[in-house]
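Numbering of the sequence shown is given in our numbering, commencing with residue 1137 and proceeding in unit increments.
If you're looking for bench data, these hints aren't it; they were derived computationally from the structure. Predicted, not measured: the structure shown is a model, and the values here were computed from it. Fair warning: there could be bad hints in the mix.
Okay, the calculated beta carbon distance ranges per label pair [unchecked claim]:
| # | residue 1 | residue 2 | range |
| --- | --- | --- | --- |
| 1 | Ala1398 | Asp1165 | 42 to 48 Å |
| 2 | Glu1452 | Glu1231 | 26 to 32 Å |
| 3 | Ala1419 | Thr1391 | 28 to 34 Å |
Glycine is no exception: its CB is placed at the ideal position from the N, C-alpha and C atoms.
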Amino acid sequence: MRPRTWVLLLAALFAVLQLANVTGRETPDTRNYLSYALSLRGDGKREAAEATIAYYCAGRASAAHRRQDVNVVRFHRPDPTARVEAECRAKEWPEVERRLRAGHTAGHTVPFASERFMRIFEVRPGYPLFLVPFVTLLGVTWGLWAAGVTVAVAGGVLVFLILRTLSVPVPLALTGQALYFVLPTGAIAMRPMTEGLLMALTLAAVWGCALVLQGRRAGLALLAGALAALFTVKHSQSLFLGLCLAGAGGVLALTRWRKGRAPGRDLTAITGIGLCAALGTTALAKLLGYPSSAESLQDLLADHFTRPDRTHPWPEFFQLSLNFWTEWLRRQFWEPLFLAALGAGLWGALRRPAFGAFLIAAAGTGVLTQAGHPDIAIWGGRLIAPAWLLPVVGIPLLLEHLLRDRVSLPAQGHSDRAHSMR
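Just need the whole structure built from these sequences, with the hints factored in.
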């Protein structure tokens, strides 16, 4: 079969497997993004609230039903679906009604929380805008599922395209696509949150870097477009990715300069675009009045503004960060799959030093995001998810290197034996 046939086959297989969980993937933040999308398509506040609460509570009820089915004590009890859904609606609706009556009707999101907290989501229109055609054509439940499949499949295809741009053999490029689906990247991309679209755009930026390094100018437009789109999805990711790419380009340029070589137009262009993205994101966010880092810090320490603001937030943040990373490392040593995958991905990335530096930089944005929000309770490690892009792309590069050495060594041995016989 042609390579694209295999790509489509892997994508279709992944989509079929996702039918096992059409509901039950939602989080509290999903309410904000979904209500934003419904507002963009023209729904009123109460109409958007009804559809959002119905989806959210149905998902909670479905998850409760599945948990009870396998609970060794309660599996024979009556189905809890109706009860859990009713309790969820009874909890959600009064809060929304109270805020609507108080006049909290500004913006696109339904007021599930304080205006100060909802402001964080108001400045992220990219993902809700992406959802609009799906929820309009397929309804809320299947629309969110289809949107998740689309963005997850896009991420896997981008991994394949990156590896093929680097002339990696087709089987190994397909391995990279499969890794994206089976590692936590696939599950995280399927959740109705920003992370799936964020990782896909980050991969698009990495592909742009690969194209530029191959001398293809189209990569510059792809890189700039991905960074601009990231600003609308989550502007902090645009800032982090711009800074990391500019830093990687600067390090590579310095390395070339110390070896007596010119940095080259490719590195200069990538570094310049990354720096412009970082500076542009900072300036535009300030101009538009986006929540600052200090506001994000208070959101973290004051439990989403449900408690009084902290008087001395930075010392508390540093103490929390130390505690977080200590516990995070302890858990990673307990189950070291992530660290092992990162090590293998780093080894593979270093086989292609120029491209590898930009891949490592893109993966580093996950660490920066997690460092900015050291909350051990966040499900599934979704904040650090971009770090998984290093093993997803790096492991096929490592396999290519190892297989090439394995093939070349026997060939060299055969040549030596033939020479000695002569």
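Verification of the hints:
For Ala1398 and Asp1165, the hinted distance range of 42 to 48 Å is satisfied, since their beta carbons lie about 47 Å from each other. Checked against the hint of 26 to 32 Å, the pair Glu1452 and Glu1231 passes, with Cβ atoms roughly 28 Å apart. In this structure the hint that Ala1419 and Thr1391 lie 28 to 34 Å apart at CB holds, the actual value being about 30 Å.
Checked against the numbered hints given earlier, the structure satisfies every one of them.
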